[in-house]
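Colleague: Here the protein sequences line up with chains A and B, keeping their order. For the first sequence, our numbering begins at 1 and goes up steadily by one. For the second sequence, our numbering begins at 1 and goes up steadily by one.
Hints are supplied without guarantee of correctness; some may be wrong.
Computed spacing ranges between beta-carbons, pair by pair [what the hints assert, rightly or not]: (1) 171(B) / 224(A): 44 to 50 Å; (2) 308(B) / 195(A): 22 to 28 Å; (3) 152(B) / 251(A): 34 to 40 Å; (4) 128(A) / 308(B): 40 to 46 Å; (5) 55(B) / 170(A): 24 to 30 Å; (6) 34(A) / 207(B): 23 to 29 Å; (7) 56(B) / 203(A): 40 to 46 Å; (8) 275(B) / 30(A): 27 to 33 Å.
In silico lysine to aspartate or glutamate, DMTMM-like type, Cα no more than 25 Å apart, as pairs [as the list claims (entries may be wrong)]: (9) 47(B) / 170(A); (10) 322(B) / 336(B); (11) 213(A) / 285(B); (12) 240(B) / 33(A); (13) 262(B) / 26(A); (14) 160(B) / 33(A).
Everything labelled a hint here was simulated from the structure, so no lab data went into it. A quick note: this is a predicted structure, and the numbers were derived from the prediction, not measured. Ideal placement from N, C-alpha and C gives every residue a C-beta, glycine not left out.
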Amino acid sequence: MKMEKALFGDNQFFAVNHLSDEKSREQAIMFKDDASIIRVLDQAREVGINTFMCTTHDRIANICDYIRANPVAYRDFKIYPCMPYAHKYANAVTDFGILGALKQYIPGNILSTFTKGGVAYLRKDFIGLMEILIDAEMKMFRDISTPVIFIQNVLVDMILGLNMLDVFKEYDSYIRKKYNAEPGYISMNLPALHDALHLIGIENPIICSSINKIGFRMPGGKAVYEKYLREGRFRPIAMQVLAAGAIRPKEAVEYLGQFPKIESVLFGASSKSHIAETKELIEQNISRKSRPFHKTIMQNNI
Amino acid sequence: MQMKLKAGIIGLGKMGISHAAIVCPHPSVDLVAVCDTSTLVLDAFKKFSRVNIYKDFRTMIDAEDLDFVIIASPTRFHYEMVSYALKKGIHTFCEKPLSLTIEEGKELDKLSKEKKLINQVGYHNHFIGTFLELKRLLDKKVLGDLVHFTAESYGPVVTKEKGGTWRSDPHEGGGCLFDYASHVINLVQEIIGRPVKVNGSVLKKIYSKGVEDAVYSILTLENGVSGVLEVNWSDETYRKMSTLLTVFGKNGKIICDATEIKIYLKEANNRENLKRGWTIKYITDLALPVNFYLRGEEYSAQIDNLVDCILQNKPSKINTFKQALQTDEVIELLVEDSKN
Chain A
1 MKMEKALFGD NQFFAVNHLS DEKSREQAIM FKDDASIIRV LDQAREVGIN
51 TFMCTTHDRI ANICDYIRAN PVAYRDFKIY PCMPYAHKYA NAVTDFGILG
101 ALKQYIPGNI LSTFTKGGVA YLRKDFIGLM EILIDAEMKM FRDISTPVIF
151 IQNVLVDMIL GLNMLDVFKE YDSYIRKKYN AEPGYISMNL PALHDALHLI
201 GIENPIICSS INKIGFRMPG GKAVYEKYLR EGRFRPIAMQ VLAAGAIRPK
251 EAVEYLGQFP KIESVLFGAS SKSHIAETKE LIEQNISRKS RPFHKTIMQN
301 NI
Chain B
1 MQMKLKAGII GLGKMGISHA AIVCPHPSVD LVAVCDTSTL VLDAFKKFSR
51 VNIYKDFRTM IDAEDLDFVI IASPTRFHYE MVSYALKKGI HTFCEKPLSL
101 TIEEGKELDK LSKEKKLINQ VGYHNHFIGT FLELKRLLDK KVLGDLVHFT
151 AESYGPVVTK EKGGTWRSDP HEGGGCLFDY ASHVINLVQE IIGRPVKVNG
201 SVLKKIYSKG VEDAVYSILT LENGVSGVLE VNWSDETYRK MSTLLTVFGK
251 NGKIICDATE IKIYLKEANN RENLKRGWTI KYITDLALPV NFYLRGEEYS
301 AQIDNLVDCI LQNKPSKINT FKQALQTDEV IELLVEDSKN
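Isolated chain A, as found in the complex:
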């Protein structure tokens, strides 16, 4: 499964700005209507970007409705879902504890069995619980092409930190089996995640992580990341390439060009000219010369 070189992200739509809290609130106002999000997605499509990588935020459900209602226009459009939208769970966990939070987000029919028997069942079957939560998050994408499905960095890095690596194994196999999709991992700890996934036999995983010239949000330091980008066995997607705006786009993407292993670049922008400019830079600099062709990709043939 070949990914597009330029992947369009959603941070700008949901008031995520790592450089300025003030800017993030301005963005929230700019994208208060779903139509304004769709307008920017269409501008991205016009310059040839057909993959939208987005969180399972409630408002994405509305965008998905629109995409389903316009099947011709969005014929080639793909979404890479990133789950879960962590804030809704985090607030619920603080308020109600883990069990209470689960009760809030488990779909209706399961909730009704979530009494004594249900709890006992789930206690023994965490993986079953994970599958239920994945299905709940994936519901909004029905009938939309989702060839890669990501776990968000907060969850990936929590599982990684806790060293509960079997969870990745189960996630990986469920995404392949149930959704016929490639599992992806967003992480702020690329080297540690790379090694952990290989340890449990997940070969050549898609890992999306911060990769930028100034080493911003690259724990352990830029040199270690660069070593993995040269020698690691994984399919890198670079995010935070502009380091939240600290680096100019040209310089930022040229830096990525020295790592032919990088397959795609995730970026967000709010204006057509910025989208077009970044897309052009990515096309010019991302060469993918040494992209390995791996058996896991052949087996799944997606």
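Following the hints, complete the assembly by docking chain B onto the known chain A.
Modeller: Using the frame of chain A, we list chain B on its own:
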């Protein structure tokens, strides 16, 4: 090879699990045990990790040979858990706020000193690069004599009417004052000056029944600087907790949040390489280097600080029980003032 420190964690809610995920990969620490009352959470640790699990914190502390413990339970349990750990000679990190009463906080501070143990509280904002830079610049007197400040924090914690959780019980430290405003008060205290007087305090309920959702007050610091505190956790225009300090001095002003610090000076400060007018510095240049990242550098950096202090046997300069106790004292002043 250096021996690794053995750590335990009590309370596996959002903060406890987050601490566990940061402590576990730390190169100088072995997370050996966790404790919680929820069998669901403990079963997950039992199934997927190798740490020992406990339902009772005393049993854990007695059975394990811990170097330090992280306490992330609801605030009302802090006193008995922290004092038990200290009495057993274990270095202790406690989530904020330290305790629900001044008397308890004083005892914990005293006990940690008697036992000569490292003590730290989870006011993690002090490990955010922008706030560290604000403190550094104020210590260098770049603003000259300080006059006034505003300290604000907003977030979407309680955005509709609901009850029945620990957050809704004032006796459990569940309100905006203990849970949210404590962070802001502590920042003011350590960066600008210690509040000694409060006026016009309003603890306002918006959606909650038993506790306040907003805190408004006028503070006077021991250095004579005045300021306004405005904290509201029922503001859903914010995606997550956002804290903003604005400090006004005779030479200019500084506006600082977790992502950027904006400095306005009436005259250039060459020593600090700050121009006349505005200079903006970003977190990209100020973030502390960490080896593992989860939710923000500050969460790892505070654990690094704790571990360094224990390994080098030197008291922490940041977020000690004593500093946290001073914050609890301001909280008490606010509660009393709001009744007038």
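Colleague: Run every hint past the structure and note whether it holds.
Modeller: Hints versus structure:
1. The supplied range of 44 to 50 Å is met by residue 171(B) and residue 224(A), whose beta-carbon atoms lie about 48 Å from each other.
2. At roughly 25 Å, the beta-carbon separation of residue 308(B) and residue 195(A) lies within the given 22 to 28 Å, and the hint holds.
3. Hint check: residue 152(B) to residue 251(A), Cβ distance near 35 Å, so the stated range 34 to 40 Å holds.
4. For residue 128(A) and residue 308(B), the Cβ-Cβ distance of about 42 Å falls inside the hinted range of 40 to 46 Å, so the restraint holds.
5. At roughly 26 Å, the beta-carbon separation of residue 55(B) and residue 170(A) lies within the given 24 to 30 Å, and the hint holds.
6. At about 26 Å, the beta-carbon gap between residue 34(A) and residue 207(B) stays in the expected band of 23 to 29 Å.
7. The hinted range of 40 to 46 Å is satisfied by residue 56(B) and residue 203(A), whose Cβ atoms lie roughly 43 Å apart.
8. Our hint of 27 to 33 Å for residue 275(B) and residue 30(A) holds, since their Cβ atoms are close to 30 Å apart.
9. Restraint check for residue 47(B) and residue 170(A): the C-alpha separation of about 13 Å stays at or below 25 Å, so the hint holds.
10. Taking the CA atoms of residue 322(B) and residue 336(B), the gap is about 21 Å. The hint holds against a cut of 25 Å.
11. A hinted pair counts as satisfied when its Cα atoms are at most 25 Å apart, and residue 213(A) with residue 285(B) qualifies at roughly 12 Å.
12. Proposed proximity of residue 240(B) and residue 33(A) is supported: the alpha carbons are some 20 Å apart, at most 25 Å.
13. This hinted pair checks out: residue 262(B) and residue 26(A) have alpha carbons roughly 17 Å apart, not beyond 25 Å.
14. At most 25 Å may separate the alpha-carbon atoms for a hinted pair to count; residue 160(B) and residue 33(A) meet this at roughly 22 Å.
Violation of the numbered hints given earlier is absent; every hint is satisfied by the structure.
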